[in-house]
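S.K.: Here is how the chains run, residue by residue.
Number of protein chains: 2
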Amino acid sequence: MKRREFLAAGAAAAAVAMTNIELKAEVTDSTWDGKSANQTAKARLCLGSQLGIIPGNSVEEKFAKMKAWGIEAVEFGRDVEDPERAKYYKKLLDDTGLIPSAVCWGSHGGDLMSFDKDRKQRGTDALKRALEGAGIIGCTGVIYVPAFNGQSPLTNQEMRKMLLDDFPALADFAADCGTHVTFEPLNRGEAYFLRQVADGAAIARDINERSEKKCGMSVMGDFYHMSIEETDMMGAFISGGKLLTHVHLAGGVSDPRRTIPGQNKSRFVEGFRGLKYIGYTGPCSFECGVRGDREVEIPKALEFLKKEYELAVI
Amino acid sequence: MKRREFLAAGAAAAAVAMTNIELKAEVTDSTWDGKSANQTAKARLCLGSQLGIIPGNSVEEKFAKMKAWGIEAVEFGRDVEDPERAKYYKKLLDDTGLIPSAVCWGSHGGDLMSFDKDRKQRGTDALKRALEGAGIIGCTGVIYVPAFNGQSPLTNQEMRKMLLDDFPALADFAADCGTHVTFEPLNRGEAYFLRQVADGAAIARDINERSEKKCGMSVMGDFYHMSIEETDMMGAFISGGKLLTHVHLAGGVSDPRRTIPGQNKSRFVEGFRGLKYIGYTGPCSFECGVRGDREVEIPKALEFLKKEYELAVI
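These protein sequence lines map, in sequence, to chains A and B. For what it's worth, the working numbering labels the leading residue of the first sequence as 215, then goes sequentially. For what it's worth, the working numbering labels the leading residue of the second sequence as 215, then goes sequentially.
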């Protein structure tokens, strides 16, 4: 149908075309009355890290190192699926005064985006274990990727439909655990589906609207993937808005790729502007490589990021 | 591949995965030095309309009515493919002092997203005629939709690839005409591919980077489609940024759907914040229905929009 014909068909055609769309409720917002929506006064930079890059011969040593460097938030891995391990981490956090951020979980081989019932069940069970572990620790969310390239034959719209069908229940399970399922948009070299923060936020919103508790899904932004997929980091984070619960820190595609902030040409000011504008107080967590002596380079990166945050003026 | 395995495979795997990605050049931006990126001082509201809803028995009468109401910019239709018609419009603009905005063109039946060479050629020829007409008039761009639902069997990533392969030449053709090919993101009920401003902006950016003149593609935002697909209008327009050359004004999905601004519950403050932040001075053009007496309702809508714009504080 040509555009003119489409428009000429008018309201009737539009009504037909819209019948199977989930309609977003119209939003009302008190900031629509001449007040600024700028939430910078509420925002703060909360630096965190995955455990892998932190020097130390034990988890205890790594926690102590993070504490000494002023890294506030710990990002965990899939071992939190074991509740005993989760309790152990929880105690370690309580002992050191560090706070939990997210669980870096992934796609479980794309199992949840499969038409094979057994495979889907395995993935679902594992995600539920991770959500329970995240709940024990008090994590903000379990980072979930629907499928890396090659893990699912589904098209984008089939994958979106499967998420909308299956995830309201998982969102409510996450909410009951006091945490979120957190979409991580990746770059197209890793996943063709879900590549921008605005897309992840919209899918999370639509699943939340279909769920009972309306709050179990969230989205994150990863500076590395964003450097490839986004035209504007500030715009992307504003689109994340209240659905944004996690951020990964890493240099972008410039050489050397995905190194710790400050070790390549990537800047963070534009993205930090967005995080400030939405009043983001959640964790910004290292997921990156480090060149050279970590004892020297990680503290340098922390200082670099604090300066970038200061430079981020709305 | 599980996330952990993926990360464990490290730089080598990443390098392989990235080989067929168009890498965005790292951006440098003078506003990364503690200066605000807020361009509100440069922004202004330029109201426009398609001709269809304007009362009048002739194009001349419609132009005169727009002028009298303070509507500045005229949006044209596919008849500009005829160069004589385009010249006629150009003269009418010169005579009245109105300015041109975009050409509302569409998908040409999805012909450009076809593997059938003849069909693709027909679509390409028609788009080129529209770009030439837009050039004669001085239009900001020709609004292009790759495919409405049902017009192309291609998946999202096949369509993105076809755009990246075919459109650098069309972008340069547009630039030679002094105009743009302008992507219009639609809602999923009309098109499953290209539904968010950030996505359209990223595809436009990637095509521009592959083209010679680097400037022939742009993106637009339509408040109606955005009310369904975007989580935040401000974030979406900031993601459009310098690539944004057109805006469609219409109420969102609240009842009555897609009516003129002010005739349903939709607000425009959040979106206007984004347009102000990026210093947008381009046209915001009615593409909507009107209930009741157009002589009364259109001036009311213009006043409503001016007030919404005033309320848009960064």
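Keep in mind that the hints were calculated from the coordinates and are not lab data. Be aware that one or more of the hints could be misleading.
Since the list can't tell identical chains apart, any single copy or any two copies may satisfy a pair.
As the list claims (entries may be wrong) - Taking lysine to aspartate or glutamate and the EDC-like style, the derived pairs with C-alpha atoms no more than 20 Å apart in a straight line are: (1) K249 - D386; (2) K479 - D247; (3) K428 - D379; (4) K521 - D247; (5) K427 - E522; (6) K305 - E346.
S.K.: If a hint holds in the structure, say so; if it does not, say that too.
M.R.: Status of each hint after checking the structure:
no.: 1; hint: K249 - D386; result: neither (34 Å within a copy, 43 Å between copies)
no.: 2; hint: K479 - D247; result: between (41 Å within a copy, 15 Å between copies)
no.: 3; hint: K428 - D379; result: within (15 Å within a copy, 41 Å between copies)
no.: 4; hint: K521 - D247; result: between (34 Å within a copy, 10 Å between copies)
no.: 5; hint: K427 - E522; result: neither (37 Å within a copy, 33 Å between copies)
no.: 6; hint: K305 - E346; result: within (16 Å within a copy, 69 Å between copies)
Comparing the model with each numbered hint stated earlier shows that hints 1 and 5 do not hold.
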